[in-house]
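Asks: Turn these sequences into a full structure, and let the hints steer you where they fit.
There are 4 protein chains.
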Amino acid sequence: MHAVHQMFQRDQYARHSGIELESVEPGKARARMSVLPCHLNGVGTVQGGALFTLADFAFAAASNSHGTIAVAINVSITFMKAVSSGTLTAAAEEVAINPRLGAYTVRITDESGALVAIFQGLAYRKKDPVPHA
Amino acid sequence: MHAVHQMFQRDQYARHSGIELESVEPGKARARMSVLPCHLNGVGTVQGGALFTLADFAFAAASNSHGTIAVAINVSITFMKAVSSGTLTAAAEEVAINPRLGAYTVRITDESGALVAIFQGLAYRKKDPVPHA
Amino acid sequence: MHAVHQMFQRDQYARHSGIELESVEPGKARARMSVLPCHLNGVGTVQGGALFTLADFAFAAASNSHGTIAVAINVSITFMKAVSSGTLTAAAEEVAINPRLGAYTVRITDESGALVAIFQGLAYRKKDPVPHA
Amino acid sequence: MHAVHQMFQRDQYARHSGIELESVEPGKARARMSVLPCHLNGVGTVQGGALFTLADFAFAAASNSHGTIAVAINVSITFMKAVSSGTLTAAAEEVAINPRLGAYTVRITDESGALVAIFQGLAYRKKDPVPHA
Chain A
1 MHAVHQMFQR DQYARHSGIE LESVEPGKAR ARMSVLPCHL NGVGTVQGGA
51 LFTLADFAFA AASNSHGTIA VAINVSITFM KAVSSGTLTA AAEEVAINPR
101 LGAYTVRITD ESGALVAIFQ GLAYRKKDPV PHA
Chain B
134 MHAVHQMFQR DQYARHSGIE LESVEPGKAR ARMSVLPCHL NGVGTVQGGA
184 LFTLADFAFA AASNSHGTIA VAINVSITFM KAVSSGTLTA AAEEVAINPR
234 LGAYTVRITD ESGALVAIFQ GLAYRKKDPV PHA
Chain C
267 MHAVHQMFQR DQYARHSGIE LESVEPGKAR ARMSVLPCHL NGVGTVQGGA
317 LFTLADFAFA AASNSHGTIA VAINVSITFM KAVSSGTLTA AAEEVAINPR
367 LGAYTVRITD ESGALVAIFQ GLAYRKKDPV PHA
Chain D
400 MHAVHQMFQR DQYARHSGIE LESVEPGKAR ARMSVLPCHL NGVGTVQGGA
450 LFTLADFAFA AASNSHGTIA VAINVSITFM KAVSSGTLTA AAEEVAINPR
500 LGAYTVRITD ESGALVAIFQ GLAYRKKDPV PHA
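Just so you know, the sequences run in chain order A, B, C and D. Numbered per my numbering, the first sequence finishes at 133, counting up by one with no gaps. Numbered per my numbering, the second sequence finishes at 266, counting up by one with no gaps. Numbered per my numbering, the third sequence finishes at 399, counting up by one with no gaps. Numbered per my numbering, the fourth sequence finishes at 532, counting up by one with no gaps.
Please note: incorrect hints may appear among the correct ones.
What the hints assert, rightly or not - Okay, derived cross-link-like pairs now, DSSO-like style, lysine-lysine, Cα gap no bigger than 30 Å in a straight line: (1) Lys127(A) <-> Lys347(C); (2) Lys81(A) <-> Lys526(D); (3) Lys294(C) <-> Lys392(C); (4) Lys393(C) <-> Lys81(A); (5) Lys427(D) <-> Lys161(B); (6) Lys214(B) <-> Lys526(D); (7) Lys126(A) <-> Lys28(A); (8) Lys81(A) <-> Lys161(B); (9) Lys161(B) <-> Lys214(B); (10) Lys526(D) <-> Lys126(A); (11) Lys81(A) <-> Lys260(B); (12) Lys294(C) <-> Lys480(D); (13) Lys161(B) <-> Lys259(B); (14) Lys294(C) <-> Lys393(C).
Said to hold, decoys possible - Distance ranges between label pairs, derived from CB positions: (15) Pro99(A) <-> Gly466(D): 18 to 28 Å; (16) Gly466(D) <-> Arg10(A): 38 to 48 Å; (17) Pro436(D) <-> Gln139(B): 24 to 34 Å.
I should point out that these hints are in silico values taken from the structure, not numbers from a laboratory. Ideal Cβ positions, reconstructed from N, Cα and C, are used throughout, including at glycine.
Replies: And the structure:
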């Protein structure tokens, strides 16, 4: 698990976006992002790309949690609710796994627990171990 | 078209991510992003969230290009090729439109023209005009 | 609930495909299909279209379970495991709902409980009531 | 190409659904379906599963058109317009291909050329040749 944490601490786009990894365990991960002015789009709500990046980060951590590298193939995201402030949480859970593929669902919720977006990610599972720093 | 350009110049997450709107015309838009260290993930390739943000920005510009507000409902993105440098271009094209929904395909290509990701976006079309600054 | 059951008993493509509605309750539905020769593709496994139809039927029942009409906008389906016999079950659950949209996840499992496909559906919620026969 | 045609003629669910393969060439395929009572849902329009099956059949033919087996991993389909009669055509085109993955877009149109649904399919490309009968 240590190696996964290290790998995700080296993620520069997550850091640039103010996203933090909260926890990782086999098949699960949580990340969070406090909404800042830099996350907003031209109409003052959190940009879809910022929501995606938050969910994708939790998905990547969960899909790499078994100690071997997994790379995203495809994601479908549905936006349910616009938000413009507060702290958002992304919780990723493994839905199914086989030797080659892993499927994950990530829910982004706001502070009241309302669903902001739902994300379904599919990862290709390589044989290579997650690298240590 | 002017109002759309203004709205997208106010997009702070795009600016924070170094993404520029290249062109907008009815049903089409192009955006570009030169890969910087802040776009990389823990294994040194452009993070999926940065690719999504680039494509989503072109999608948003294209779907708002008819003068009324359109909001993203759902996106499916497939990652075809990892990249770690150069300038990436996202080209959005309208696939179909009706009074309520618009469907768009966005292709992200690298400098050699190779497809990096393909993005299919669905927007809900409101009646409200795109606001002027 | 009665009206929903009636509406789904009139679904001719589901009947043509040997799909039965097992149960409907608010936000949930289950359907099942026993694999027959007519469901197979050219390599002898259940065709993706048959799996989709089974999942979509459960999704439609769940999304119409609140008494007003809901129509599918977009679906993403991931195929995890090929199957060629036995009885398949699709269980649809509401993930999120607002006045305009409903999001559902449907899991198709085989008799051993293994995940065959996962389906994420988005429905547009109209104001019209589900019609009685 | 001969082997692909044979494989798709053995597809029993397509035949059961009245779907015919019109043409296959490298990276492309077309299929068609004349709407029959058996394709309708409980509100009298073509069921989403029938539309999916039509598109999926064209996708499968296009993705197997290079002579090696390709299997569907993930599909996203967006429904643009309800239809209840006439002949529907699905045209699949390859969007991108690499040694492991192929991405395809399928457009379903009605007799007037209006877009009924748009389908984006991702296939995993095996090394095995498409089998001869």
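Asks: Evaluate each hint against the coordinates.
Replies: How the hints compare with the structure:
no., hint, verdict
1, Lys127(A) <-> Lys347(C), "holds, 20 Å"
2, Lys81(A) <-> Lys526(D), "violated, 44 Å"
3, Lys294(C) <-> Lys392(C), "holds, 18 Å"
4, Lys393(C) <-> Lys81(A), "holds, 20 Å"
5, Lys427(D) <-> Lys161(B), "holds, 25 Å"
6, Lys214(B) <-> Lys526(D), "holds, 20 Å"
7, Lys126(A) <-> Lys28(A), "holds, 18 Å"
8, Lys81(A) <-> Lys161(B), "holds, 26 Å"
9, Lys161(B) <-> Lys214(B), "holds, 24 Å"
10, Lys526(D) <-> Lys126(A), "holds, 17 Å"
11, Lys81(A) <-> Lys260(B), "holds, 18 Å"
12, Lys294(C) <-> Lys480(D), "holds, 26 Å"
13, Lys161(B) <-> Lys259(B), "holds, 18 Å"
14, Lys294(C) <-> Lys393(C), "holds, 20 Å"
15, Pro99(A) <-> Gly466(D): 18 to 28 Å, "holds, 26 Å"
16, Gly466(D) <-> Arg10(A): 38 to 48 Å, "holds, 42 Å"
17, Pro436(D) <-> Gln139(B): 24 to 34 Å, "violated, 53 Å"
Figure legend: structure checked against the earlier numbered hints; hints not met, in rising order: 2, 17.
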